[in-house]
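One letter stands for each residue in the lines below.
2 protein chains.
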Amino acid sequence: MSESRPITVGVDGMGGDDGPGVIVEGALLALRELSQETRVALIGDQRTLEAEVRRLDPSGSAGSRLLIEHAAESVGMGEDAATATRRKKDSSLAIGTRLIKEGRLDALFSAGNTGAMVAASLLNVGRIPGVLRPALATRIPAETPSGSCVILDVGATADCKPAYLAQFAVMGDIYARSALGVANPRIGLLNIGEEPSKGNELAREAHALLARAPIQFVGNVEGRDFFRGQADVVVTDGFTGNVVLKFLESVLGWTGRLLKDEVRTSLIARLGALMLLPSLSNLRRRLDYAEVGGAPLLGVAGACIVGHGRSSPRAVKNGLKAGASFVAQNINEQIQAALGKEMAEHVG
Amino acid sequence: MSESRPITVGVDGMGGDDGPGVIVEGALLALRELSQETRVALIGDQRTLEAEVRRLDPSGSAGSRLLIEHAAESVGMGEDAATATRRKKDSSLAIGTRLIKEGRLDALFSAGNTGAMVAASLLNVGRIPGVLRPALATRIPAETPSGSCVILDVGATADCKPAYLAQFAVMGDIYARSALGVANPRIGLLNIGEEPSKGNELAREAHALLARAPIQFVGNVEGRDFFRGQADVVVTDGFTGNVVLKFLESVLGWTGRLLKDEVRTSLIARLGALMLLPSLSNLRRRLDYAEVGGAPLLGVAGACIVGHGRSSPRAVKNGLKAGASFVAQNINEQIQAALGKEMAEHVG
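In the order they appear, the protein sequences are chains A and B.
Take 4 as the starting number for the first sequence in the numbering used here and just add one per residue.
Take 4 as the starting number for the second sequence in the numbering used here and just add one per residue.
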């Protein structure tokens with residue numbers, strides 16, 4: 004079984020808003036929870052990473068399960084993805100994705116520059132045969148039976164054609180089966196009305212393709228249906244998906260600030276807010292990126308997982324575990340089988 | 004001054020989820036707050052509307068300031084907008100928009116089918132010369148100096164070209180000056196990254212046009228910047244804008260339900276929630292559609308205001324007041340001057 008095959012999960016040691024210490028801490032946490040056969044490779048500046056390992060694991064408990072792959076360069080959070088990918092051939096992202104291609108790494112997690120991770124994955128790992136464009140898939144809390152829904156694409160492919168969305172639906176179906184543990188996911192198309200005739204040209208044409216795809220298509224879902232659990236998977240283009248995801252990220256903070264304004268004027272309300280604090284922080288945790296642990300870049304021929312720039316050590320740990328699980332569940336083999344078959348049908 | 008000119012504001016008496024009673028109640032509320040020269044015309048089934056007026060204004064206090072224009076048909080909330088507009092020539096929306104065109108009505112508010120209102124306005128009222136496509140503009144709470152930001156388009160034009168967005172920016176600038184009371188609104192482009200090179204093709208090309216437009220362009224704003232007050236006006240296509248608006252509408256209910264889950268497990272938290280209730284309902288009111296009172300359809304040659312299907316009497320009242328204020332502030336004359344001038348420059 005693939006689950007017991009010894010695998011190596013890599014992590015971009017230089018990516019993320021909070022520096023290599025957070026990444027190394029997350030890697031050490033992951034080693035405690037991953038199977039004994041699984042190794043973690045830190046990719047980045049050797050001396051920096053070695054120093055962090057000595058500081059965070061002074062007893063050397065990680066032993067030979069923690070590797071370091073030196074990378075002379077790194078891509079900053081604000082750098083232009085295309086330029087960085089073209090120029091920095093020795094960045095941690097370039098080296099990590101090349102190690103995937105060479106089969107020396109089984110998965111790669113980065114909390115760094117998302118655009119650069121997507122570009123490096125496409126350049127160095129390449130697409131699964133038959134896949135037109137990749138899609139980033141992430142989970143958001145929703146009132147589905149699993150408590151989550153998968154939304155894709157959230158930012159890999161900003162300009163989409165209907166056929167891309169049809170493939171996103173098939174890839175999202177496969178990913179949701181393992182990520183949400185749902186046997187037959189309900190797939191919805193993000194649109195601005197319920198009827199098939201509604202929406203922009205892209206959505207209308209994608210609707211027709213999704214209706215014929217080998218998935219359980221439940222039709223259009225609107226912005227307000229996200230949380231109502233009408234679909235386990237919501238398909239959209241990378242522009243709309245990214246806007247929605249960032250909107251969602253900011254909404255909790257915003258409602259919190261508005262509520263704080265209201266509360267300020269009343270002593271009773273302030274006391275009430277104090278008594279609610281534990282519930283509020285539970286809620287915050289449920290909505291936290293760290294719980295999810297990263298968005299897989301579906302459609303590339305390797306397990307490439309993107310994390311939030313603000314990833315905590317726990318988020319890094321969960322991202323590494325997501326990578327290991329992505330490999331163990333043979334997601335890419337399933338995608339290749341499904342889209343290869345679809346291609347064969349189109350050709351034949 | 005235009006403010007003292009006697010005007011007539013019409014309302015679609017048959018539109019909205021809750022029936023004509025709510026509309027008539029809102030119209031009566033509006034008459035109390037509008038100037039004595041302003042009249043309100045109810046458009047819809049005469050007998051139904053007369054019965055509601057008798058029920059809600061038994062003393063006949065509204066007198067000659069409340070008119071009824073009979074419409075033999077009405078457009079249902081779920082009806083296809085194009086079909087309804089083509090077939091129902093005597094719907095309240097068709098008659099209301101024709102009355103605008105004939106100059107017998109100065110403004111029209113409808114809480115009914117948004118798509119049908121847009122279609123009827125385009126067909127019967129037509130666009131302001133020089134305007135390529137109309138845009139629905141609405142206000143959402145944000146941490147700007149005015150406490151709100153205007154977002155457009157939220158659903159009139161699902162498929163946009165860069166030039167449409169450039170015009171939306173100019174129209175949004177004019178509308179925000181009066182709606183937010185901001186002297187020189189900061190205009191942002193909704194996008195998925197800060198740099199001009201980011202986004203889909205539409206956003207990248209629109210960025211270049213906005214940078215040259217006669218507005219205070221502050222560049223790209225991301226989904227998370229909505230609430231941070233980085234822009235007074237956020238420009239986007241009608242597909243993305245509608246998704247975001249519906250998402251926003253559902254978010255409060257969703258966080259409330261999640262919080263209720265959390266609170267259930269603790270007596271202290273439940274007590275705290277009870278003490279917070281007044282603040283929570285204040286907050287709900289601040290986010291309520293009713294406060295805003297309708298979204299003007301910018302770019303059509305009349306004051307056509309769209310309300311939420313769930314409009315309360317107060318929302319209808321505010322929608323009618325928004326229509327009167329739109330006329331009084333000469334928004335359309337300003338749009339025509341700005342876009343006519345722009346056209347002349349392009350031609351000349």
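Read the hints as simulated data drawn from the structure, not as lab findings.
For every residue, glycine included, the Cβ atom is placed at its ideal position computed from N, Cα and C.
Hints may contain errors.
Covered stretches of chain B (in silico footprint by chain A; criterion: 3 or more residues with CB under 8 Å from a CB of chain A, positions within the stretch not fixed) [as the list claims (entries may be wrong)]:
# : segment
1 : 198 to 205
2 : 208 to 215
3 : 242 to 253
4 : 258 to 265
Structure-based check of all given hints:
With 5 residues having a Cβ less than 8 Å from any Cβ of chain A, the segment 198 to 205 of chain B passes the three-residue criterion, so the hint holds. Check result for the segment 208 to 215 of chain B against chain A: violated, 0 residues qualifying (beta carbon to beta carbon below 8 Å, three or more required). For the segment 242 to 253 of chain B, the assignment as covered by chain A holds, since 11 residues bring a beta-carbon within under 8 Å of that chain's beta-carbons and 3 suffice. Figure legend: the segment 258 to 265 of chain B, annotated as covered by chain A; annotation consistent (5 residues with Cβ-Cβ distances under 8 Å, at least 3 required).
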